[in-house]
Each structure stands twice: as C-alpha cells, then as structure tokens.
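Keeping the supplied structure of chain A fixed, place chain B upon it in accordance with the hints.
Number of protein chains: 2
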Amino acid sequence: MEKMEEENLKKEYMRMAIEEAHQAALLDEVPIGAVVVHDGKVIGRGHNMRERFQDVTYHAEMLAITEACAYLHSWRLEDCDLYVTLEPCIMCSGAILNGRIKNLYYGAKDPKAGAVDSLYHLLNDSRLNHQVNVESGLLGAECGQMLSDFFQAIRKQRKAAHKKRRVKD
Amino acid sequence: MEKMEEENLKKEYMRMAIEEAHQAALLDEVPIGAVVVHDGKVIGRGHNMRERFQDVTYHAEMLAITEACAYLHSWRLEDCDLYVTLEPCIMCSGAILNGRIKNLYYGAKDPKAGAVDSLYHLLNDSRLNHQVNVESGLLGAECGQMLSDFFQAIRKQRKAAHKKRRVKD
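Those protein sequences? They're chains A and B, same order as listed.
Per my numbering, the first sequence starts with residue 56, numbered consecutively.
Per my numbering, the second sequence starts with residue 56, numbered consecutively.
Some clues are possibly wrong.
Claimed, not checked - No more than 20 angstroms apart at the CA atoms, straight line, and that leaves these computed lysine to any residue pairs for SDA-like:
1) A:Lys167 x B:His185
2) A:Lys167 x B:Leu183
3) B:Lys167 x A:Tyr175
4) B:Lys167 x A:Gln186
5) B:Lys164 x A:Lys167
6) B:Lys167 x A:Asp180
7) B:Lys167 x A:Arg155
Claimed, not checked - Here are the simulated distance ranges between beta carbons:
8) A:His185 x B:Lys58: 30 to 36 angstroms
9) B:Glu62 x A:Arg70: 51 to 57 angstroms
10) B:Asp83 x A:His185: 19 to 25 angstroms
11) B:Arg107 x A:Lys58: 56 to 62 angstroms
Treat the hints as calculated values from the structure; they're not laboratory data.
These figures come from a predicted structure and were not determined experimentally.
Beta carbons are placed, not taken as given, at the ideal position from N, Cα and C, and that holds for glycine.
With the rest of the complex left out, here is chain A (with noise of 0.2 angstroms):
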C-alpha cells in the first residue's frame, strides 16, 4: 500500500513536470518541464526558455535548480528530487551532480544528447564525489509523445510555409 502511494506520489511530481513543458510549448518552446522536490514541497519549477531569452543556459532542469537554491539559500541540494520530462543532457547532468541531488527521475529518453543514460552514464560515476539514483521511464509515454507531436506540428508548419513560397513564385 505504501509503495503504491509513492508511485502515485512519483507520477503526481512528473505531472507537474509536464503542466511545466505544456508552458514551454505554448511560448514555441521546445516542450520539457522540471521541479524540484525537497521535503515532500516542489521548491523548484522550470520550463524550457532557451528560444524566448536567446540564453543556452535556459534548460527547464537549470531553471527549476536555480530557483531550488534560491529557495534553501543553499546550492547544496542534497536532500532534492528532481523530476523532468526529458533524459537531461550534458549541462544538466553537470548541474544535478555539481548541486548534489539525491533522486533523478525523468520520462523520455533522449538518443541524441542523453547524458544519463544514452550517451554517457554520468550519474553514475565512481570517480566523481557524488552519485545520483536514477528512475526513468516515469510517464515517459506521456512525455515523449508530447514532443513528437511538437515537432510533428512544427515539420507541418515548414511544409505549409514552404508550399505557399512555391505558390508565390
């Protein structure tokens, strides 16, 4: 009973995550959305805004560590979870280790720039000073079908702008 009650927990924190990439699609953004959990209290949110502030750093994970500090008044982030809808990539995995976050769990799989567990295990690397347990998979249907069809809209939208040029001319 009470394993069931953390598993709804789990999936409750990555629906929050999602309602967070929902934001980041709205503004054209590519769709992923983070919290932080410390305690049992989402310290920490953040989507995607790297086309909207020109700023590379404005991954969704960055956004919601960055406020999760803010939060404590610590970059020590020992006891946090962090949930995000996307395997995160190099810089985040950097940022998770470098804050020292206890719990990854995250959605979808990212072939291309993984750095959990596609291209790079770095979450899981004796040599370093910490390591990170990882959960993935956690509504990772969800979570990838909301970028394929993100990305199935915007290859819709490229055809139809590339079809009235052709119209015109």
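Only chain B this time, still in chain A's reference frame:
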C-alpha cells in the same frame, strides 16, 4: 610574426580571465575566471560566485556564457572563443557544447572534476552535433598557482581557528 601576435593575444585574453578569477578570490570564492571573445572583442566575463549567491550554476564559464548570449541576442555562440583559468566541469562543458563555442582555451587541469581532458573528453565526441577545439595549459602555471595559494590560505585559516578553539577549551 603573425603566429607570435596570435599567441600574445590569446595570453592577453587569458590574463583577463585571471583578473576575473582574482575578483572571485576577493569574495572568498574559489578563484576561477572566464571570458568569451567574439570577433576580437570580449563580450562576456564571469567569475565563480557559487558561495555568494548560493547557486550551484554560478560557475565562471556559465556567467560569461550567459553574458555573451545577452550581448549577441543569441544562444548560438558559434564564432566565439572561451578562455577559462581552470578545466571546465561537466556542467560547463555541456554549456560550451550547447552554445556551439568554437575554441576553448583553459589554464590549469582539474584532475578531480575536469571533463575536457581529465575525466572525460566531452568536447571531442563525434556522436554529438558539435565538437570544440581545445588548447590547454595557456598560462597554466599562473592559473594553477592562484588556486594552490587560495586553498593553502584556507587550510592555514582552518588550522588557526582549530588552534584557537583548542586554547579556549
């Protein structure tokens, strides 16, 4: 002759990064500094401010990169070079890759956390969509000495504080 001028110019930029590192030391931060150069102009500067802002993302490179993005109004730093006094960690290497920075010049190696040469070769991974030219050891002795001096001073302070406590007890 041209080659020599180029070498002198690179050292000049690294000296600016060292100046930034001194700024960090004045704030009792680990002395690491960075500058981003575009078209012969410094468009981003940063020094480590992790302790001051209690934000785990406030590494010298990250702050310099964010400033450069703001200057260019673009997250793409394709024609930019980064000069940093210490070998970048995983997080900063990821930001360098994400920003598609062209050349990285760094001073001292970081055997414990360096992700460019020491623990990983993240900037030279053909599976990723970008690779970075790397030159290490630029004013390396000076950069390394600054860090050694800093940590030695900390150890001295700690020793003195410990002695004081023992005398009190």
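Against the structure, the hints:
1. A:Lys167 x B:His185: Within the cut-off at roughly 12 angstroms; holds.
2. A:Lys167 x B:Leu183: Holds - the C-alpha atoms of Leu183 (chain B) and Lys167 (chain A) are around 7 angstroms apart, at most 20 angstroms.
3. B:Lys167 x A:Tyr175: Holds: Lys167 (chain B) and Tyr175 (chain A) sit about 18 angstroms apart, inside 20 angstroms.
4. B:Lys167 x A:Gln186: Holds, at roughly 14 angstroms.
5. B:Lys164 x A:Lys167: 28 angstroms, violated
6. B:Lys167 x A:Asp180: 12 angstroms, holds
7. B:Lys167 x A:Arg155: Distance ~15 angstroms between Lys167 (chain B) and Arg155 (chain A) Cα, so the pair holds.
8. A:His185 x B:Lys58: 30 to 36 angstroms: Cβ of His185 (chain A) to Cβ of Lys58 (chain B): about 43 angstroms, so the range 30 to 36 angstroms is violated.
9. B:Glu62 x A:Arg70: 51 to 57 angstroms: 55 angstroms, holds
10. B:Asp83 x A:His185: 19 to 25 angstroms: Hint holds: Cβ distance 23 angstroms, inside 19 to 25 angstroms.
11. B:Arg107 x A:Lys58: 56 to 62 angstroms: Violated: the Cβ-Cβ distance is about 43 angstroms, outside 56 to 62 angstroms.
Going down the numbered hints, you'll see the structure goes against 5, 8, 11, while the others check out.
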